[in-house]
Amino acid sequence: MSNEGIQEISGLRTRVIVSVLHRLFAFTRGMTLGVRAACFDAQGRIFLVRHTYVPGWYLPGGGVEHGETAAAALAKELREEGNLEIDGEPLLFQVYQNSRASKRDHVILYRVNVRQTAPRAPDREIAESGFFSLDHLPVDVTAATLRRLEELSGERPKQEIW
Numbered sequence: 001m002s003n004e005g006i007q008e009i010s011g012l013r014t015r016v017i018v019s020v021l022h023r024l025f026a027f028t029r030g031m032t033l034g035v036r037a038a039c040f041d042a043q044g045r046i047f048l049v050r051h052t053y054v055p056g057w058y059l060p061g062g063g064v065e066h067g068e069t070a071a072a073a074l075a076k077e078l079r080e081e082g083n084l085e086i087d088g089e090p091l092l093f094q095v096y097q098n099s100r101a102s103k104r105d106h107v108i109l110y111r112v113n114v115r116q117t118a119p120r121a122p123d124r125e126i127a128e129s130g131f132f133s134l135d136h137l138p139v140d141v142t143a144a145t146l147r148r149l150e151e152l153s154g155e156r157p158k159q160e161i162w
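For the sequence shown, UniProt numbering gives the first residue as 1, with consecutive numbering after it.
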């Protein structure tokens, strides 16, 4: 992975959206918690998504809602963002503080084997998605996604900050 990736929260539009969402969440949640997954298919390819509202390619995931377990949120987000079903047990990889988004935000990262039930059509949230070989990732993969992939492969020590 020679690409350094693009910054996740950069540009005025993205910073404004993230700031507004996290200010809203401050009133509705004491702390924000999200789940993301490094999803691998049977060929060893990684599944990535490109959202409509922020630049770059990301590991799929989303927020854990009130009354929802992390495991339930993970299964829901993978189904919604990629028509993905988890094959076997998700492996907890690391819990990160996402201080770029908010000092109150945390992300749980899992490593999962998946199968896709059908191709994921673009919509208002997901512009594109797909499986990629680790040596042929899209150009605009986010820097944080690349760091997570390097941690998963053992090329970089696990970090605590997203």
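These are computed hints drawn from the structure, not numbers from a lab. Positions of the beta carbon are idealized from the N, C-alpha and C atoms, including for glycine. Check before you lean on any hint, since a few could be wrong.
Claimed, not checked - Using 27 Å as the maximum straight-line C-alpha spacing, the simulated BS3-like pairs for lysine-lysine come out as follows:
#: 1; residue 1: K158; residue 2: K76
#: 2; residue 1: K103; residue 2: K158
#: 3; residue 1: K76; residue 2: K103
Said to hold, decoys possible - Computed spacing ranges between beta-carbons, pair by pair:
#: 4; residue 1: D140; residue 2: G67; range: 28 to 38 Å
#: 5; residue 1: I9; residue 2: T117; range: 24 to 34 Å
#: 6; residue 1: S19; residue 2: D87; range: 33 to 43 Å
#: 7; residue 1: Q43; residue 2: K103; range: 20 to 30 Å
#: 8; residue 1: D87; residue 2: G154; range: 17 to 27 Å
#: 9; residue 1: R23; residue 2: H136; range: 15 to 25 Å
#: 10; residue 1: L24; residue 2: R79; range: 19 to 29 Å
#: 11; residue 1: Q97; residue 2: R23; range: 11 to 21 Å
#: 12; residue 1: Q7; residue 2: E85; range: 14 to 24 Å
#: 13; residue 1: R104; residue 2: Q43; range: 33 to 43 Å
#: 14; residue 1: P122; residue 2: I17; range: 17 to 27 Å
#: 15; residue 1: A121; residue 2: E160; range: 17 to 27 Å
#: 16; residue 1: K76; residue 2: E150; range: 35 to 45 Å
#: 17; residue 1: P138; residue 2: R15; range: 31 to 41 Å
Each hint tested on the structure:
Only pairs whose Cα atoms come within 27 Å are accepted, and K158 paired with K76 is accepted, the gap being roughly 26 Å. This hinted pair checks out: K103 and K158 have alpha carbons roughly 19 Å apart, not beyond 27 Å. This hinted pair checks out: K76 and K103 have alpha carbons roughly 25 Å apart, not beyond 27 Å. Separation of D140 from G67 is about 35 Å and conforms to the stated range, judged on CB atoms against 28 to 38 Å.
Between I9 and T117 the Cβ separation comes to about 32 Å, which falls inside the hinted range of 24 to 34 Å. Range check, S19 to D87: about 37 Å between beta-carbon atoms, so the 33 to 43 Å window is met. For Q43 and K103, the Cβ-Cβ distance of about 39 Å falls outside the hinted range of 20 to 30 Å, so the restraint is violated. The hint said 17 to 27 Å for the Cβ distance between D87 and G154, and at roughly 23 Å that hint holds.
In this structure, R23 and H136 break the distance hint of 15 to 25 Å, their C-beta atoms being roughly 39 Å apart. Separated by about 25 Å at the C-beta atoms, L24 and R79 satisfy the suggested range of 19 to 29 Å. A hinted range of 11 to 21 Å holds for the C-beta pair Q97 and R23, which are about 18 Å apart. Separation of Q7 from E85 is about 32 Å and departs from the stated range, judged on CB atoms against 14 to 24 Å.
A beta carbon spacing of about 38 Å between R104 and Q43 agrees with the range 33 to 43 Å that was offered as a hint. P122 and I17 have their C-beta atoms about 19 Å apart, which keeps the hinted 17 to 27 Å range intact. Between A121 and E160 the beta carbons are some 36 Å apart, a value that contradicts the proposed interval 17 to 27 Å. A beta carbon spacing of about 27 Å between K76 and E150 contradicts the range 35 to 45 Å that was offered as a hint.
Checking the proposed 31 to 41 Å range against P138 and R15 shows it is violated: the Cβ atoms sit about 23 Å from each other.
Hint violations for this structure: numbers 7, 9, 12, 15, 16, 17, all remaining hints satisfied.
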